[in-house]
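Peer 1: So the chains spell out like this:
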Amino acid sequence: MSRPAPASAPPAAETVGVSLRYGRALALDGVSLRVPRGAMGAVVGPNGAGKSTLLKVLLGLDDGHEGDAYLLGRPALQARHLVGYVPQRSTVDWDFPATALDVVTMGLYRQLGPFRRAGRAARERARAALAEVGMEAFEDRQIGQLSGGQQQRVFLARALVQEAELYLLDEPFAGVDAASEAALVEVLRRLNAQGATVVAVHHDLTTLASYFDWIALLNVRLFAQGPLAATLTPEALQAAYGGRLPLLATLAPEEVRRAV
Amino acid sequence: MIQALFDDVAFTILLTGVLTAASAALLGTFLVVRGQAMLSDAISHGVVFGVAVTFLLSGVAAGPLQLLGAGAAGLLTVLLTEWLAASGKVKRDAATGLVFPALFAAGILLLNLFARDAHVDAHTVLLGEIGFVWLDRVTLLGLSLPRAVVVLGAVLLLNVVYVTLFHKQLTAAAFDPVMARLQGLRPRRMTLGLLALTSLTAVAALDAVGVVLFVAFTITPAVVGRLAARRLPSMLGVALAVGVGAALVGYPLAVRFDLSIGGSMALLTAVPLVPLLLLGPSGALGRRLG
Amino acid sequence: MPSEPLRQLLLDPTVVTVALGALLLGATAGALGTFAVLRRQSLLGDTMSHAALPGVVLGYLLAQGRSLPAMLAGALVTGLAAALLAQLLARRRGVKHEAALGTWLGTGFALGVVLLSLVQHQPGAGSAGLEQFLFGQAAATLRSDLLLIGAIALLSLGLVALLFHRFELVTFDPRFARAGGVAVRVYETLLTLLLAVAIVVGLQLVGVVLMSALVVAPAVAARQLAGSLGAMLWLSAAVGAFSALVGALASAAVPGLSTGPTVVLVATACAALALAFGRRRGVRLEGA
Chain A
1 MSRPAPASAP PAAETVGVSL RYGRALALDG VSLRVPRGAM GAVVGPNGAG
51 KSTLLKVLLG LDDGHEGDAY LLGRPALQAR HLVGYVPQRS TVDWDFPATA
101 LDVVTMGLYR QLGPFRRAGR AARERARAAL AEVGMEAFED RQIGQLSGGQ
151 QQRVFLARAL VQEAELYLLD EPFAGVDAAS EAALVEVLRR LNAQGATVVA
201 VHHDLTTLAS YFDWIALLNV RLFAQGPLAA TLTPEALQAA YGGRLPLLAT
251 LAPEEVRRAV
Chain B
1 MIQALFDDVA FTILLTGVLT AASAALLGTF LVVRGQAMLS DAISHGVVFG
51 VAVTFLLSGV AAGPLQLLGA GAAGLLTVLL TEWLAASGKV KRDAATGLVF
101 PALFAAGILL LNLFARDAHV DAHTVLLGEI GFVWLDRVTL LGLSLPRAVV
151 VLGAVLLLNV VYVTLFHKQL TAAAFDPVMA RLQGLRPRRM TLGLLALTSL
201 TAVAALDAVG VVLFVAFTIT PAVVGRLAAR RLPSMLGVAL AVGVGAALVG
251 YPLAVRFDLS IGGSMALLTA VPLVPLLLLG PSGALGRRLG
Chain C
1 MPSEPLRQLL LDPTVVTVAL GALLLGATAG ALGTFAVLRR QSLLGDTMSH
51 AALPGVVLGY LLAQGRSLPA MLAGALVTGL AAALLAQLLA RRRGVKHEAA
101 LGTWLGTGFA LGVVLLSLVQ HQPGAGSAGL EQFLFGQAAA TLRSDLLLIG
151 AIALLSLGLV ALLFHRFELV TFDPRFARAG GVAVRVYETL LTLLLAVAIV
201 VGLQLVGVVL MSALVVAPAV AARQLAGSLG AMLWLSAAVG AFSALVGALA
251 SAAVPGLSTG PTVVLVATAC AALALAFGRR RGVRLEGA
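Chains as they are written, first to last, in the numbering used here: chain A, 1 to 260; chain B, 1 to 290; chain C, 1 to 288.
With the rest of the complex left out, here is chain A (with noise of 0.2 Å):
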């Protein structure tokens, strides 16, 4: 689905050699990715294996690590407002006084410059964002009076109006309604073919192989990174996991065969 990069191209994002302490526990050891330019890409693994602390690293949102992070080949502070960002949904004030349409509005906020105001014609690319995930209808809906999997939607045509190269998503189909979750990858695929970049925190592994084209495997340290068929390997998975989903050993070996 991705069309490969130049090869002279720096990857999408990088981490070199990304270490994290929380306390006495180690959240991230050593962690050195490179998601490439134009991949679908998931970062898999269990609880607590570092996935959302990985993309704050990446997002320049920790200051307590050790390594470097660079998105779109510069250090990953000067380029973060480049990426589209999707938080975690349970991250958020569901209960702030915006509609659906607000929500999109407030992606563009930096393009518009510090002082001037969102206008008909921000709120005219807003909308558009919304009828691309499918929400037009619910652009005057106040955000918290929406399911989960539309709250997905709008957070992600606030994204979209950013109009990134870079696309980060953590736990983007956590809570969500089938539906909706077929609308947020049917969209991201668009997104995907037309010439950007996804990574997602992900941890469904029932879908992976079907979603993404591209996976890390973490688990504090970075197991494997690469292409799909390449990398979901039933070792690979084995040796992120530790063991530790017994459901794994069922589910994997049918998935990995089927990607392969």
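I should point out that these hints are in silico values taken from the structure, not numbers from a laboratory. Ideal Cβ placement from N, Cα and C applies to all residues, glycine included.
Partner residues are not named here, just some residues of chain B that face chain C (Cβ under 8 Å, in silico):
hint : residue
1    : Ala37
2    : Asp41
3    : Lys89
4    : Thr96
5    : Ala106
6    : Thr220
7    : Gly263
8    : Ala270
9    : Leu277
Given the coordinates of chain A, assemble chains B and C onto it according to the supplied hints.
Peer 2: Just chains B and C now, with coordinates in the frame of chain A:
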């Protein structure tokens, strides 16, 4: 003719109330949606410490120096609370309940001991004297104006400019600070500015409505706004209308029944809560009827 | 040997009354504050104490004069009403807990101020006795008040002693307690009621504006030093009693010094010392 207007006691009192209510509602809306309503309580109490110290150090009981000195104390209250909570030894609510009463108590004692004859005394600081603000006057542009009107007017202008210029940044910082940071909208600086303006406003309103009624003007109209509106701009509009309306109605009511003016104005901000709580979608009556 | 003026002061019956009253209510507020701090109800305490003001004035109006039982009963009623209303308001979409508390703190106090101004203009009814409730006044404690304060102290502390283990469980891990068949709601309500009592009992000495600090500061101090809930309770009571006593005597001795702020500063100083030098031993009772 303009001078005559400002010599009119009733007009001056009404204007002081309106200016206070408008500033407080403007800032309160953002504090309330951020879930930080009680910071206005901490700030307005902390400001008293600054008033006392500024007075002791410089003999100044009004004016720009007092605004800055006491405003700094309001900000200090928040920072001290944050620092204490970040130490992990005390939970945030207890840190709040420890820091601002201590600064307020220290301020009151300093005023008790060293400022007995000055126009800043403990009683005024607590309750304000909106009925007497017209006595303290300054000359500006050839007009003799009540000091409170001038100061509160200037502060309101500052607040309006800030909220208008940074409406987007303030909204984004309140709704999703992480996204705001990623987009370079500087949410931390915006928040600091909001708190600094809350401190300045608390100082400016001190003579008129005192420490606690300022909290009422800040929080209640914003809460009414939140209950009545679904979008931030309309919430802001409702909050402003409620605050200003309460000031305008509160004064004649207080005069008619010989009641505390500041207290009546503050109390009226809560009146719209009665129907909203009883009849709203999940209100007691609404539930029974619906 | 104390100097002559100091001895005189200590033997003065008025001073003895004030000191006894301060000791009792300081200990009560301190002890009950333990639960308030552990259950993160410091701001609720602040709301209840401000909202107690209209109750004090209503009590005064109903009793047609300064009757401490009536005023404290009124304070308890309006303080609890504010807590209830805050709970009701916080259930509304978009209204956060803090905003709900702040709303009734401000509204309650405003109502109190309006009622105060009403009383002020009543013929013959000097409001001087009521204004004491703003910042507190040590000298206002009468001998007859001691009986009431003592009874409240005995009753509430006795209840804590009786139900100590239940309160401990509910404060520490309400979910576990519920799973174990404990009527958590009942005990939580009881604890909130006791917080209201702790606040009301000290209003005359410390005043509505600062009373919540006398509930919070001793518990914060004790929290840094004590290793168990029982120890924290005793220590908090001791710090509360000490602060109230020192503050009351100092403000009685130095004319013009408001009692409430003095008491609160002593209590905060204790907390600051404990925070700086106490090696906090993990109290078992720390919810997450």
